[in-house]
Amino acid sequence: MGERKDLIQDIKAIEAADLLSTVMDIKSDGYRLGQACATKTEGGVDILYTFEKDETLKNFKISLEDKAPELQSISGIYWAAFIYENEMHDLFGVTFKNLALDYGGHFFKIASETPWNPAAKSGADTEKGGEA
Amino acid sequence: MAKRTVIPFGPQHPVLPEPIHLDLVIEDETVVEAIPSIGFIHRGLEKLVEKNEWPEMVYVIERVCGICSFGHGWGYCKSVEGNLGLSVPPRAEYLRTIWHELGRIHSHLLWLGLLADSFGFESLFMHSWRLRETVLDLFEETTGGRVIFSVCKVGGVRKDVTDEQLAEISGVLKGMIPELTELTNVFLEDMSVKNRLEGVGTLSADEIKELCAVGPVARASGIASDVRLDGHGAYPELGFEPCVEEAGDCMARCKVRVREIFQSIGLIAKAAEQMPGGDIDVKVKGNPEGEFVGRMEQPRGEAYYYSKGNGSKFLERIRVRTPTNANIPALVKMLQGCDLADVPVMVLTIDPCISCTER
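From first to last, the protein sequence lines are chains A and B.
If you read the first sequence in the numbering used here, its first letter stands for residue 1, the second for the next number, and so on.
If you read the second sequence in the numbering used here, its first letter stands for residue 133, the second for the next number, and so on.
Rather than coming from a laboratory, the hints here were simulated on the basis of the structure.
No residue lacks a Cβ here, since even glycine has one placed at the ideal position from N, Cα and C.
There may be inaccurate statements among the hints.
Stated by the list, open to error - No farther apart than 27 Å at their CA atoms in a straight line, the calculated lysine-lysine pairs in the DSSO-like style are these:
#  : chain 1 : residue 1 : chain 2 : residue 2
1  : B       : Lys465    : B       : Lys341
2  : B       : Lys415    : A       : Lys40
3  : B       : Lys415    : A       : Lys121
4  : A       : Lys61     : B       : Lys183
5  : A       : Lys53     : A       : Lys12
6  : B       : Lys135    : A       : Lys53
7  : A       : Lys5      : B       : Lys402
8  : B       : Lys183    : B       : Lys465
9  : B       : Lys465    : A       : Lys53
10 : B       : Lys183    : B       : Lys415
11 : B       : Lys341    : A       : Lys58
12 : B       : Lys135    : A       : Lys5
13 : B       : Lys179    : B       : Lys417
14 : A       : Lys61     : A       : Lys5
15 : B       : Lys465    : B       : Lys135
16 : A       : Lys97     : A       : Lys109
17 : A       : Lys67     : A       : Lys121
18 : A       : Lys27     : A       : Lys97
19 : B       : Lys417    : A       : Lys109
20 : B       : Lys341    : A       : Lys12
21 : A       : Lys58     : A       : Lys109
22 : A       : Lys121    : B       : Lys183
23 : B       : Lys341    : A       : Lys97
24 : A       : Lys67     : A       : Lys40
25 : A       : Lys53     : A       : Lys5
26 : A       : Lys61     : B       : Lys179
27 : A       : Lys53     : A       : Lys109
28 : B       : Lys415    : A       : Lys12
As the list claims (entries may be wrong) - Here are some of the chain A residues that sit facing chain B, going by a computed Cβ distance under 10 Å:
#  : residue
29 : Asn59
30 : Gly76
31 : Tyr78
32 : Lys97
33 : Asn98
34 : His106
35 : Phe108
Just chain A, with the same shape it has in the complex:
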C-alpha cells in the first residue's frame, strides 16, 4: 500500500481578519479551492474552507460567534467561491462582503430564509425555520 493521503487531516483554526491573506498565500502556493461550507454552532457558525494540491488537503476553519454572521468573500481571489458563499448565505444566513456574483438570497429556491440557521434570519418567518 502507498501513502494514504486521504487520511491526512490538516484543519487549522484562523481568525476572520486573517482570511484573505491566508487564502492569497495558499493560492500563490498553487492550491485549488476544493469546497467551503458552514456548520451551525451554539453561538453562530463555523466556516470551513478546503484547498487541494497534489491530492493533499489543507483546511482552514473560522468560528463566527454572531447570530448574523459576516465575513469577507474570497470570490475576488477564487472566483469559483461564489457558488459556496451564496449557498452559505441562503442556508445559514452568512453575509459575504464583496461577493463577486451575489444572488441576493435567490441561489436556492427555498421555502424559508436561512433554514439551517434560523437565528440569522430577521423578520417574521423565524418561527418557521428548520425546514428546507
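Go by the hints and put chain B onto chain A.
Frame of chain A, contents of chain B only:
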C-alpha cells in the same frame, strides 16, 4: 455594439434531464454572458443528519444521486470511518472499488447517450443506453439493486461476491469490449460528431486551475488530477493512472470519458483477479467525535464528504460537495463567446448532475 438579448435556457429544456437555468445574454448568435441559477429542487438531505443515526445516514447519502449512488455511499462511509479511526478489511476495499468502477462505466455510458441525444444522433443514444443496461444487470446480480445498492456500510460492505460472480463480472465486461469499441469509435471518429465537438468550449489548463474545475473536465485540459491517486480503496494496488487529454474542448472531455470506460473495465478485471480473502467488514465501536474531510472521485469528478461528530449517535454535520457544484464556474466561463447553437452540447460536456447538486 449589437443589440443584446437575454435568452432563458432551462430549467425545462429538451437537453436537460434535470433543472438548471441559464440566462444567456447574446449579441446576434454569440453568447456574451451566462448567469446560472440552480436550487429549483433543493432537497436539504444533509439536514436529515439530525434525524437519522449515523449508521443509517448512508442510505440517505446514497440517495443524493441515482447514478453515482454507490460512490456517495462510499464517500460518506469513508468520512465516518476516518472520524472513527477505522481500518476497513482489504476485501471490502476491493469490493467497493469494483462497484465504484462499475458505477463509472454506467455513468459514462449514460452520459455518452445524453451527448448523442444533444446533437440529434438518436440511434447512438439508444446503443449507449442499451450497453449500459448490461452493467446495471451486474449491479443487480451482485447487490440486488440497479440504482440504489445499500451494500456499503461504515466498517466495510454488507454483501460478499463469490468467485463465480467475480469471474462473471470480468467475463461480461470483457465481452462488451467489441461493442463498446464500435460504439465509442463513432463518438471519436464520425465526422458529424467531430463537427459538433472539436474546437468547441475549449478551456486551457490555466483556466481550469483558476476556475477550480474537477474530474473529466479538468483532465481533458491536461490536469492529471484524480482522487483515486490519494491512496484509498484498492487503487494503489491496481496501478491506477488518470486518463488525461490536452485539447480542452468538448471532444477532449468525450475522449477522457471514453478512455475511462475501458480503463474501469481493466481495473475491475485486475481487482477481481487480485481479490484478497478474509472479512468484508469490521465491528464498529463508539460514535464519531471530531471532524473529517474525505473525498471520492465520482464519475463526474471530485466530491467532498465532511462529517462532524459529537460522540453521540447523531452527527452534527454532514456536507456533500458534488462535482457539478465545482464545474458550474467552468461552464459559465466556457459559454462566454460561444455560438448559441453550441450551448446544449457544452452544458452536457460538464456532465451536469443537478440531482447531486441539489442534495
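Okay, the hints, checked on the actual structure:
{"no.": "1", "hint": "Lys465/B with Lys341/B", "verdict": "13 Å, holds"}
{"no.": "2", "hint": "Lys415/B with Lys40/A", "verdict": "31 Å, violated"}
{"no.": "3", "hint": "Lys415/B with Lys121/A", "verdict": "43 Å, violated"}
{"no.": "4", "hint": "Lys61/A with Lys183/B", "verdict": "26 Å, holds"}
{"no.": "5", "hint": "Lys53/A with Lys12/A", "verdict": "16 Å, holds"}
{"no.": "6", "hint": "Lys135/B with Lys53/A", "verdict": "43 Å, violated"}
{"no.": "7", "hint": "Lys5/A with Lys402/B", "verdict": "23 Å, holds"}
{"no.": "8", "hint": "Lys183/B with Lys465/B", "verdict": "39 Å, violated"}
{"no.": "9", "hint": "Lys465/B with Lys53/A", "verdict": "22 Å, holds"}
{"no.": "10", "hint": "Lys183/B with Lys415/B", "verdict": "23 Å, holds"}
{"no.": "11", "hint": "Lys341/B with Lys58/A", "verdict": "17 Å, holds"}
{"no.": "12", "hint": "Lys135/B with Lys5/A", "verdict": "52 Å, violated"}
{"no.": "13", "hint": "Lys179/B with Lys417/B", "verdict": "24 Å, holds"}
{"no.": "14", "hint": "Lys61/A with Lys5/A", "verdict": "20 Å, holds"}
{"no.": "15", "hint": "Lys465/B with Lys135/B", "verdict": "21 Å, holds"}
{"no.": "16", "hint": "Lys97/A with Lys109/A", "verdict": "22 Å, holds"}
{"no.": "17", "hint": "Lys67/A with Lys121/A", "verdict": "8 Å, holds"}
{"no.": "18", "hint": "Lys27/A with Lys97/A", "verdict": "20 Å, holds"}
{"no.": "19", "hint": "Lys417/B with Lys109/A", "verdict": "40 Å, violated"}
{"no.": "20", "hint": "Lys341/B with Lys12/A", "verdict": "24 Å, holds"}
{"no.": "21", "hint": "Lys58/A with Lys109/A", "verdict": "32 Å, violated"}
{"no.": "22", "hint": "Lys121/A with Lys183/B", "verdict": "23 Å, holds"}
{"no.": "23", "hint": "Lys341/B with Lys97/A", "verdict": "24 Å, holds"}
{"no.": "24", "hint": "Lys67/A with Lys40/A", "verdict": "10 Å, holds"}
{"no.": "25", "hint": "Lys53/A with Lys5/A", "verdict": "11 Å, holds"}
{"no.": "26", "hint": "Lys61/A with Lys179/B", "verdict": "21 Å, holds"}
{"no.": "27", "hint": "Lys53/A with Lys109/A", "verdict": "34 Å, violated"}
{"no.": "28", "hint": "Lys415/B with Lys12/A", "verdict": "31 Å, violated"}
{"no.": "29", "hint": "Asn59", "verdict": "6 Å, holds"}
{"no.": "30", "hint": "Gly76", "verdict": "13 Å, violated"}
{"no.": "31", "hint": "Tyr78", "verdict": "6 Å, holds"}
{"no.": "32", "hint": "Lys97", "verdict": "20 Å, violated"}
{"no.": "33", "hint": "Asn98", "verdict": "17 Å, violated"}
{"no.": "34", "hint": "His106", "verdict": "8 Å, holds"}
{"no.": "35", "hint": "Phe108", "verdict": "3 Å, holds"}
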